[in-house]
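Peer 1: Here the protein sequences come in this chain order: A and B. For the first sequence, this note's numbering assigns the number 29 to the initial residue and increments by one for each residue that follows. For the second sequence, this note's numbering assigns the number 2 to the initial residue and increments by one for each residue that follows.
Any given hint could be a false lead.
What the hints assert, rightly or not - Here chain B is said to cover these stretches of chain A; the calculated rule only asks that three of the stretch's residues, wherever they fall, bring their Cβ under 8 Å from a Cβ of chain B:
id, stretch
1, 70-84
2, 126-133
Said to hold, decoys possible - Every beta carbon over 10 Å from chain B, so not counted as near; a handful from chain A, in silico:
id, residue
3, T48
4, T98
5, E100
6, D101
7, L105
Derived by calculation from the structure, the hints in this document are not laboratory data. Glycine included, every Cβ here is placed at the ideal spot set by N, Cα and C.
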Amino acid sequence: EAAVTQSPRNKVTVTGGNVTLSCRQTNSHNYMYWYRQDTGHGLRLIHYSYGAGNLQIGDVPDGYKATRTTQEDFFLLLELASPSQTSLYFCASSDAQNTLYFGAGTRLSVL
Amino acid sequence: GDSVTQTEGPVTVSESESLIINCTYSATSIAYPNLFWYVRYPGEGLQLLLKVITAGQKGSSRGFEATYNKETTSFHLQKASVQESDSAVYYCALARGSALGRLHFGAGTQLIVIP
Numbered sequence: 029e030a031a032v033t034q035s036p037r038n039k040v041t042v043t044g045g046n047v048t049l050s051c052r053q054t055n056s057h058n059y060m061y062w063y064r065q066d067t068g069h070g071l072r073l074i075h076y077s078y079g080a081g082n083l084q085i086g087d088v089p090d091g092y093k094a095t096r097t098t099q100e101d102f103f104l105l106l107e108l109a110s111p112s113q114t115s116l117y118f119c120a121s122s123d124a125q126n127t128l129y130f131g132a133g134t135r136l137s138v139l
Numbered sequence: 002g003d004s005v006t007q008t009e010g011p012v013t014v015s016e017s018e019s020l021i022i023n024c025t026y027s028a029t030s031i032a033y034p035n036l037f038w039y040v041r042y043p044g045e046g047l048q049l050l051l052k053v054i055t056a057g058q059k060g061s062s063r064g065f066e067a068t069y070n071k072e073t074t075s076f077h078l079q080k081a082s083v084q085e086s087d088s089a090v091y092y093c094a095l096a097r098g099s100a101l102g103r104l105h106f107g108a109g110t111q112l113i114v115i116p
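The shape of chain A in the complex, shown without the other chains (with noise of 0.2 Å):
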């Protein structure tokens, strides 16, 4: 079954610590996306992607680096985490009429 899966589901880490968070989706799709969601706030778009070796900066991308390393891998990466990146992180993948298909977060804390 085609979908969309994030590694880990949780992670506590500390300030000025690295994090990777890990998507990988079984959908052929092109298209790849990292949003966060934050309490008051809609997802807001941090990196996309069109495909392999492709980056794209999104609406909020300070603080945060991003890689494809495959059609089906993206990663997030956090190298100084600080605590104004707790946040609930969403993995996505789009098909060609535009409907994302998310994966069920990472919930990070910054302490």
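Dock chain B against chain A, hints included.
Peer 2: Using the frame of chain A, we list chain B on its own:
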């Protein structure tokens, strides 16, 4: 910029009662954005509930309906009779037709259906 405003939750409704979750949008650079409702059930990712790309048209799914009203820039979500299984968070969103994945989301509305 583009933005979406929706009913602030949580919204609590008794089973079999009707529901409306308001959504209004501002699309300063898009004449006719695509409009979406996504739903997130507990422990799951968001999934598409319905989508409308043409002003004046209505979308429907699982008993939910929403009409794209360009005059009032609204896309309210309605259901005549909710069920406990409808308890979830509902997100309104807009996008340019050509901007794959570049959706602007509302803050989400948590719906609690009381049996």
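Peer 1: So, for every hint listed, does it hold in this structure?
Peer 2: Comparing the hints with the structure gives:
no. : hint    : verdict
1   : 70-84   : holds (count 5)
2   : 126-133 : holds (count 8)
3   : T48     : holds (19 Å)
4   : T98     : holds (18 Å)
5   : E100    : holds (16 Å)
6   : D101    : holds (17 Å)
7   : L105    : holds (20 Å)
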